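Enquirer: Between the sequences and the hints, there should be enough to build the whole structure, so can you do that?
In the order they appear, the protein sequences are chains A and L.
The letter at position 53 of the first sequence is residue 53 when you use my numbering, and the numbering goes up by one with no holes.
Count along the second sequence from 1, add 242, and you get the number used in my numbering.
None of these hints come from the bench; they were simulated from the model.
If you're wondering where the values come from, they're calculated on a predicted model, not measured in any experiment.
Any given hint could be a false lead.
Listed below are the simulated BS3-like cross-link pairs for lysine-lysine, each with C-alpha atoms no more than 25 Å apart in a straight line [stated by the list, open to error]: (1) A/K66 / A/K215; (2) L/K457 / L/K411; (3) A/K130 / L/K372; (4) L/K389 / A/K122; (5) L/K389 / A/K66; (6) A/K169 / A/K215; (7) A/K130 / L/K364; (8) A/K147 / L/K364; (9) L/K308 / A/K147.
2 protein chains.
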Amino acid sequence: MRYELYYWPHIPGRGEFVRLALEAAGAEYVDVGRLPEAEGGGRPGVARMLEAQPGGRTPFAPPLLKAGDLLISQTANILYFLGPRLGLVPEDEASRLWANQLQLTMADLLVEAHDTHHPIAKSLYYEEQKPEAARRAANFLELRLPKFLGYFERLLNSGNAAEPHLVGKALSYPDLSLFHIIEGLRYSFPNAMNRTRPNYPALHTLRDNVAAQTKIAAYLASPRRAPFNDHGLFRHYAELDP
Amino acid sequence: MRYELYYWPHIPGRGEFVRLALEAAGAEYVDVGRLPEAEGGGRPGVARMLEAQPGGRTPFAPPLLKAGDLLISQTANILYFLGPRLGLVPEDEASRLWANQLQLTMADLLVEAHDTHHPIAKSLYYEEQKPEAARRAANFLELRLPKFLGYFERLLNSGNAAEPHLVGKALSYPDLSLFHIIEGLRYSFPNAMNRTRPNYPALHTLRDNVAAQTKIAAYLASPRRAPFNDHGLFRHYAELDP
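Expert: Here you go:
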């Protein structure tokens, strides 16, 4: 199966969670948004997939995955579909539900991380909501982030495994997503993440282990991995990370 | 199968989406949070399920569904599991993915609806974030809500069916969830929802059709249906709905 990923070309964003799964499995895929516009890529190549689809099953927003006749959207839904096909989740129903539950909890964290810099409106610039962002980011770092990271840390420590994993005893797609979230948080909040590092040894070990996986290491060193920047979900504004 | 639902007893909240599916199907279930504390219910009955679970698969937050040995969390995940078991989604993979995608898009809308009254922090009272809430609510009503409602209206109109449905030609769990969202929005923003009603005829027809389903009508008239109130996701503050 040759997959097609549709996501905005200039940010890692939510597309990155899908990309990491495809890369970790060595799957064959085309990152359509990063093709030249003349070859059907770029923003127009992504945007046209949001127009009315035959059969009426039109997606709301990228990322989208085309797999044969299926056009799937919503990050967790795409990963739920891909997981067993890429060998990135155990096949039993309980494990698949558990993986999905973890992925959705990470999606909740993602929204909160995004809203630290956009608490009022996506349609406004950060500069138009700076005082509100300062309040929200302070609350996020004080209460919300420790709640989420503490939860994942406890899960990773409950397995008694030599290497921490979220699902079973092998790498799964929630591990890859958690890796990316740690990377994003380190980019956004380097001071806070450094200060609290001793509280989350298993999380940082997971991050290091994922980064060292052969296929992931090759991907991270390649031009296919887009750097974080100040247009995406994870942004660095020094004043939000005292 | 006798299901157990665990959710905070004093708000409809996210538990309501699960409750509606169980009620529409006439499933046997216990709403544990609404049992007396002496019988293992109430807030303590829910909170104890968030303590470390055997096997390490501890949930992050309610709602939770216990189905035999499975303990499932995250609303969309619970509904993904229940859908085919309750006859509330077609069984083919494409339809199940489509239903899940819709449910997750509604989850995105829910967060934005909640954050109109809590744009800065869940840990603060509304009264501590009123100016920010006014800005966020205005943007929500102007840009975000029409984007979401317009999307669902177009989907309902694309089916050419006598009765609008989101998935196939029969009632499915995303229809039930969309019903509840319309109800919540009408409670929170009665003025805005009345003003824009002509823009969304199919949405309001879906809402009326779901409310008229025999099992749902009986549920809505019963004490099992908790009223909206100003502790939940959907709240009414007149100043946010000019």
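Enquirer: Compare the structure with each hint and give your call.
Expert: Status of each hint after checking the structure:
1. A/K66 / A/K215: 22 Å, holds
2. L/K457 / L/K411: Status holds; Cα separation ~19 Å.
3. A/K130 / L/K372: 16 Å, holds
4. L/K389 / A/K122: Given that 25 Å is the threshold and the Cα spacing comes to 13 Å, the pair holds.
5. L/K389 / A/K66: Status holds; Cα separation ~24 Å.
6. A/K169 / A/K215: Holds, at about 19 Å.
7. A/K130 / L/K364: 19 Å, holds
8. A/K147 / L/K364: 13 Å, holds
9. L/K308 / A/K147: Holds. L/K308 to A/K147 sits at ~24 Å (cutoff 25 Å).
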